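Q: Sequence:
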Amino acid sequence: MSYQLPPLNWLRAFEAAARHLSFTAAAGELNLTPAAVSHQVRSLEEHLEYQLFERLPRSLMLTDMGRAYLPSVRKAFGDLSVSTMGLFGVKGDLSVSVRSTVSFGVMWLAPRLKGFFDRYPEIDVRLSTSNWADSQPPDRTDVDIRYGDGRWGQGEIKLTHDETVIPLCAPMIAPQINTPQDLALFPHIHIMGVEDSWDHFLKHEKVDLSDSQKMIRVDNSMSAMEMSAAGAGISLVFKSLAQPYINSGRLVVPQQMFYPSRQSQYIVLPDGPANARPEVQLFINWLQEEASGA
1 MSYQLPPLNW LRAFEAAARH LSFTAAAGEL NLTPAAVSHQ VRSLEEHLEY QLFERLPRSL
61 MLTDMGRAYL PSVRKAFGDL SVSTMGLFGV KGDLSVSVRS TVSFGVMWLA PRLKGFFDRY
121 PEIDVRLSTS NWADSQPPDR TDVDIRYGDG RWGQGEIKLT HDETVIPLCA PMIAPQINTP
181 QDLALFPHIH IMGVEDSWDH FLKHEKVDLS DSQKMIRVDN SMSAMEMSAA GAGISLVFKS
241 LAQPYINSGR LVVPQQMFYP SRQSQYIVLP DGPANARPEV QLFINWLQEE ASGA
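This note's numbering numbers the first residue of the sequence shown as 1 and each following residue consecutively.
Please keep in mind that the hints were generated in silico from the structure rather than gathered at the bench. From a predicted model like this one, the values you see are computed outputs, not experimental measurements. Accuracy of the hints is not assured; some may be wrong.
[As the list claims (entries may be wrong)] Straight-line Cα separation of at most 30 Å, BS3-like style, residue types lysine-lysine; simulated pairs:
#, residue 1, residue 2
1, K114, K203
2, K239, K214
3, K214, K203
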């Protein structure tokens, strides 16, 4: 006896709701009402006889079964989009123009891009970087990856989970830091333009500093981490960006200190989510897969 697959519109509603973790945002993308999206997802759950989402007061959360099912659904839609574009769609080159901060592009995105090229060899990615996340992206930017609070009014999609900010130092320095107060023994490397500054971190750790505390200012996380690795001081960086340095042993987190960030990485679509071309949507879906597994 053959198994009856669920209708495609139910699966599309599930994929969009899982991407936004919101029926309202998914409805805006699909040109439906939130109630219609919720009904389609509920119908899919009844068809599968499994709950795919936990309904929270102001958002959604994928269940274990929903999280396991999502990659297969995304891949199926991706394969269908690529085949359709290749056979019947736009002729010529398919490309996605992406802008990100320097540190995110180099430390997080670039090492993962081979996975996208392996899956979609017919799609080119054109990556440009900027030190300042809120600067105007170049013309014809399809995907703008920004650090911030997600309030730009441009159909933002949260990419990374709530971030954690951590202090980082060279291994030779770490044994001298036994309490948060010991952080004052070394220069602090501050990344300009980042809200999660040393002031916030030290207030969280209940540490008072003197006015004579030495501060080194740089304009990106990668420069800060390189300086810390050389023993110049202690930097304060997103854990997601610092992981390669930690894994290699070049930097350590003294006394496992951390600070929950109020900001995150977001996908901003300058042309709006509803106008994203199929290849752009494939790239967004892939980004979210990578971020959820990071």
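Q: Please go over all the hints and tell whether each is borne out by the structure.
A: Each hint, compared with the structure:
1. K114 x K203: Violated, at about 41 Å.
2. K239 x K214: Judged against 30 Å, a Cα distance of about 24 Å means the pair holds.
3. K214 x K203: The hint holds at about 17 Å.
Violation of the numbered hints given earlier is confined to hint 1; every other hint is satisfied by the structure.
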